[in-house]
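S.K.: Here is what each chain is made of, one letter per residue.
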Amino acid sequence: MMPKWIGKSNLLSEKNIVSLTSSISAILVGLLFGLVILLISNPSQAFAGFKTILFGGFTGGFKGVGQVLYFATPIIMTGLSVGFAFKTGLFNIGASGQFIVGAYAAVLVGVRLTSLPPSIHWIVALLAAAAAGGLWALLPGILKAYANVNEVIATIMMNYIGMYSVNYLVTRTVYDQLRNQSISTVAVLPKWGLTTLFPRSSVNGGFFIAVFMVIVVHILINKTTFGYELKACGFNREASRYAGINAKRNIVLSMVIAGALAGIGAGLLFLAGSGKHIEVVDILAVEGFNGIPVALLGMSSPIGILFAGLFIAYVTQGGFYLQLSNFVPEVIDIIIAAIIYFSAFALIFKNIMSKLIKGRKEQKQ
Amino acid sequence: MKRIKKIMALWMVLVMAFSLAACGTKPAATTTTTTAPATTTPAAEEGKYELALITDIGTIDDKSFNQGAWEGLKKYAEEKGITHKYYKPTEKSTDAYVAAIDLAVQGGAKLIVTPGFLFEPAIYKAQDAHPDVSFILLDGAPHPGDYNIRIEKNVYSVFYAEQQAGFLAGYAAVKDGYKNIGFLGGMAVPAVIRFGYGFVQGADYAAVELGMKSGDINLMYKYTGDFAATPENQTLAASWYKGGTEVIFAAGGAVGNSVMAAAEQSGTKVIGVDVDQSPESPTVISSAMKMLGVSVYDGIAAFYGGTFPGGKSVSLDVNTDGVGLPMATSKWQKFSQADYDAIYDKLVKDTDGLASTMKNDTSVKAATEIPTKVVKITVVE
Amino acid sequence: MEYIIEMLGITKTFPGIIANDDITLQLRKGEIHALLGENGAGKSTLMSVLFGLYHPDKGTIRMNGQEVHIKDPNDANKLGIGMVHQHFKLVHNFTVIENIVLGVESTRHGFLSMENAKKKVMELSDRYNLKVDPDALISDITVGMQQRVEILKMLYRDNEVLIFDEPTAVLTPQEIEDLMQIMRGLTEEGKSILFITHKLKEIMAAADRCTVLRKGKYIGTVEVDAVTMEELSEMMVGRKVSFAVEKKALQPGQDIFEIRNLIVKSRHSQKNAVQNISFKLRRNEILCIAGIDGNGQSELVYALTGLQPVVSGQLILGGQDITHASIRQRNAGGIGHIPEDRHKHGLVLDFNLAENLVLKNYYLEDYQHQGFIKFDAVYQYADQLIQQFDIRSGQGAFTPARSMSGGNQQKAILAREIDGNPDVLIAVQPTRGLDVGAVEYIHGQLVDQRDAGKAVLLVSLELEEVMNLSDRILVIFEGELVAELDPKETTIQELGLYMAGSKRGKVQ
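Chains as they are written, first to last, in my numbering: chain A, 1 to 365; chain B, 1 to 381; chain C, 1 to 508.
These aren't lab readings, by the way, just hints derived from the structure by calculation.
Just so you know, not all the hints are guaranteed correct.
Taking lysine-lysine and the DSS-like style, the derived pairs with C-alpha atoms no more than 30 Å apart in a straight line are [said to hold, decoys possible]: (1) B/74 to A/51; (2) A/223 to C/344; (3) A/51 to B/110; (4) B/125 to A/191; (5) A/355 to C/344; (6) C/344 to A/248; (7) A/191 to B/92; (8) C/374 to A/248; (9) B/92 to A/63; (10) A/63 to B/110.
Next comes chain A alone, as it looks inside the complex:
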């Protein structure tokens, strides 16, 4: 006989269906809104343009799909970072700072530790990125757990400290003066056959690593006692304390893991070998903030985040191809941002769906 719990916690359980339909509804509303802007800015090409967005990454064939996977990789990781912390009741706005220090650690190792064999070099660089990201989230975690300092404020401050520190450290250690950015790393992620599948795209093994991390986090949250404790603390800290769970330790651990996930995301982007460098500019890393809509759209569930990240990369890539139609690139940016913005309203739709289902059930009784 099949164990009872499988029947209820599989992907087709009612809870998951509600989450899925609400995310899809949110996406549809977002797309509809995008269509409205398209119609306003250029009615004659709006529907053709809309088709381009719908076809997203597929517009560019295999290469386009590869690009989607490439762009999805870092935001899946920052989405995981935000979503994981959120499961523990923490709002990690600091994915940006954790991301950039992770990037620096990866680049530093990637540039300097050239004595390592290439097959190990990228692993060490990636681990360094995870460690740096985790370290960057450690302080807000400790402040939250032991001094009850709001993690939103603490992580925002750490974003700025991270950005300025990395700018300084890059100029001191791995600086390409002429281009005002970091020099190219020697360590590069393996391709694992993805470039044969998606020729001429930037995709690489990083995507597989991101998927692997999604699975790891999914198991951690849903199958382990540690995940159970984290969720208990997130839902009701007082009750978990009452039950004898060490809430403080869990808060710190949760933040550190969230930070490490963001750090890995940075490692996967900057070790991708796509010619991406850390720029010495006073701008917070945007990948960190993109993690927030990804987590919202994915309802903080790891599997949901995987698809949310793919969707946002897909739409972004669709926007890139939309340039072939007669749309000004700046307007396209607005359209894509609007679609993502509206898609993040998935929670609202979840509430509507839950009520709808509840209503139906009561009717049946």
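Since chain A is already given, all that's left is putting chains B and C on it; use the hints.
M.R.: Frame of chain A; chains B and C shown alone:
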């Protein structure tokens, strides 16, 4: 019950909207050719843009390389009625630049302009991937990231004679009556060094013409070591102005913004760089320009004239209208258009070996080694 | 007899549920009319219909014989219907008078004019003996006083029909007594009162007539004088309910938990809430800590269970010093805890029932292997507890705790704590807010624990419960134990005097 109805209604609206959208796509695709002439942009047929520009990190109206190059491209395209478009890469990385170039090619581009040296590795890849497409690479030459330059037949690599632009700026400033001038460069890269050396020599040449004696012109000289608008750079500029400097030639990207901010506070003047920077601040009296628009325009014209200068790197100077001062927007008191034309002509004709013997970054090691008759250089460390 | 309000044949359905099914309620002028029913019987829906928050599908409302249509609360106000909600709707940083005039402020030249309002409020306060200070801040006055402010709000608006929604839930015994007086005073002045409750004793004490609802249906209206409490409860629950707790006589067993000179800080101030308390807990005994809320009971329990550190003193559990042990060590060492606030401490409402049932033992080898939860074992265990303790819910072990009724939530906590097989079971207000059936069940379970040789420490504010359930009573007043009483040899009145601090006795 009511709530269910509401939600169902919402769903209906959504479904209808999408079925409409789906219906709409088909006719739109078939009617593109017929509707195209109706649009305002010349022949904006989907997927057909002959001339393309890829923007680097900034926007199209960045008052810098993107804008300068785009103006030249647009001018030519509109004069000749050629379809044109600019594309924005998804991020700042070599791969993203290459992807944008691929997209432009897919969009029907025959000639692609890439403004700035950030495109060097991308063009290195693209020149092989798209042998049938021509590229104009401004301020750079294609290499794979290690500066081993290889230029294919379809790439026109454009550099500028910065020392001549700097010379004109220095000459005009002294001719206009400024006696205490300054050069604030960004990072000491060859282009910046050439601007600075030219500035010193132009100032000295003008001072000699005016019959001044040694030490009559004081010139402060420094590289900030960055290309950023920082409080440090602003404080530095302010201290120079306080110490008597009347005008600073700011040649270092965003360093100029710091200098302009300092000048606005002390009521002093600035000479801009690369493009006409007069719209950025009323303190900008002139700019040592690279004529991006002109060179793009000329490059495109050559392309259509069958004389595309591909396969090589050229340094554009006064002979090709590659550098100069924007006299129309300059705020000189005494320095007239006639004065400008005269010195410009001397450079073109290489009178007294003015152009050919001008010191540049390869002929002297430091600004202090430039032989000057009047100008006294104070290099600030 | 003249009816001021008549609700005739009211039917109100929500998607899938009939909340009110052909209900009739007739309120006489000048009476206190109780509306009795278990949680979910449809009392709130009926009152919301009267207050204009819901519109009935069928039925009419008449006022003084005239049919009226109440579309929203403003209509209800215009008709002179006012309501004191269970959760007060007061602005905490406003004064009493500001709260009372809020929404009906009188102005002069666009400025607030408070003098007249204050005069009227003072008059009303004197007339009904409410004794409120009009200039006090809401945040500074007691819950009982806040309730009086709510009453004054209704009177200030010249309301004739006053609805009280579970007014005694938040009050101390003395405050309840005062409230009853006030309600009687109001009816003497010609006001009519609708009194929503599920506490039979209060109905017997205060109401003239009583209308009983059960599962959305109208059961009947009775003259309170003509019925007994047992009959009322049978109408409400639908079966006979026993009030007397069946309890066989037992000799207390050996000492199991000793508290020595315990001092604990207050949660709200720098003072000590528990001041030098010592007592011993014995097997086969229900020991009750009786006291008015806020006299240190919470801090005492928190110190025993480890939720709060002690300032000084010692806790000896079965010979082991657990004064500084962690919460988990105490749980594992034999302390069960039914917390005061089941939503704050007792349950993770977003977890399902099974996840809540293993909240204290998920980490044991039975339910996890190398960090991975054994879901089979967890759900098997949950099903077993659900059956054993008759926990009712929509989807069994998978029901989200949030969607369960209060009684079943409490049963779940009880199941978890009892099944942990603790030597000492600390139960804090275990029946608060529950209806008669659930109370009966929980009392029975606590007695069973005692009979099985456990020590039960009961903390309760309800004197009835204290008297019925306990084998021994310790009265706490201002953080000190002021009396040790035998429930067989004392009365509720005497107990009340000790609790109020006006009498002191000997402790051990």
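S.K.: If a hint holds in the structure, say so; if it doesn't, say that too.
M.R.: Evaluated hints:
Under the criterion of a C-alpha separation no larger than 30 Å, the hint pairing residue 74 of chain B with residue 51 of chain A is consistent with the structure, at around 29 Å. Distance hint between residue 223 of chain A and residue 344 of chain C is fulfilled; the C-alpha atoms sit about 25 Å from each other, no more than 30 Å. For a cut-off of 30 Å, the pair hint linking residue 51 of chain A to residue 110 of chain B stands: about 26 Å separates their Cα positions. Only pairs whose Cα atoms come within 30 Å are accepted, and residue 125 of chain B paired with residue 191 of chain A is accepted, the gap being roughly 19 Å.
Only pairs whose Cα atoms come within 30 Å are accepted, and residue 355 of chain A paired with residue 344 of chain C is accepted, the gap being roughly 25 Å. Restraint check for residue 344 of chain C and residue 248 of chain A: satisfied, since their Cα atoms lie roughly 17 Å apart, inside the 30 Å limit. Pair hint residue 191 of chain A plus residue 92 of chain B holds up; C-alpha atoms about 21 Å apart against a cutoff of 30 Å. The suggested pairing of residue 374 of chain C with residue 248 of chain A holds, with an alpha-carbon distance near 25 Å, which does not exceed 30 Å.
With a C-alpha separation of about 18 Å, the suggested pairing of residue 92 of chain B with residue 63 of chain A holds against the 30 Å cut-off. Distance check on the hinted pair: residue 63 of chain A and residue 110 of chain B sit about 21 Å apart at the alpha-carbon level, within 30 Å; holds.
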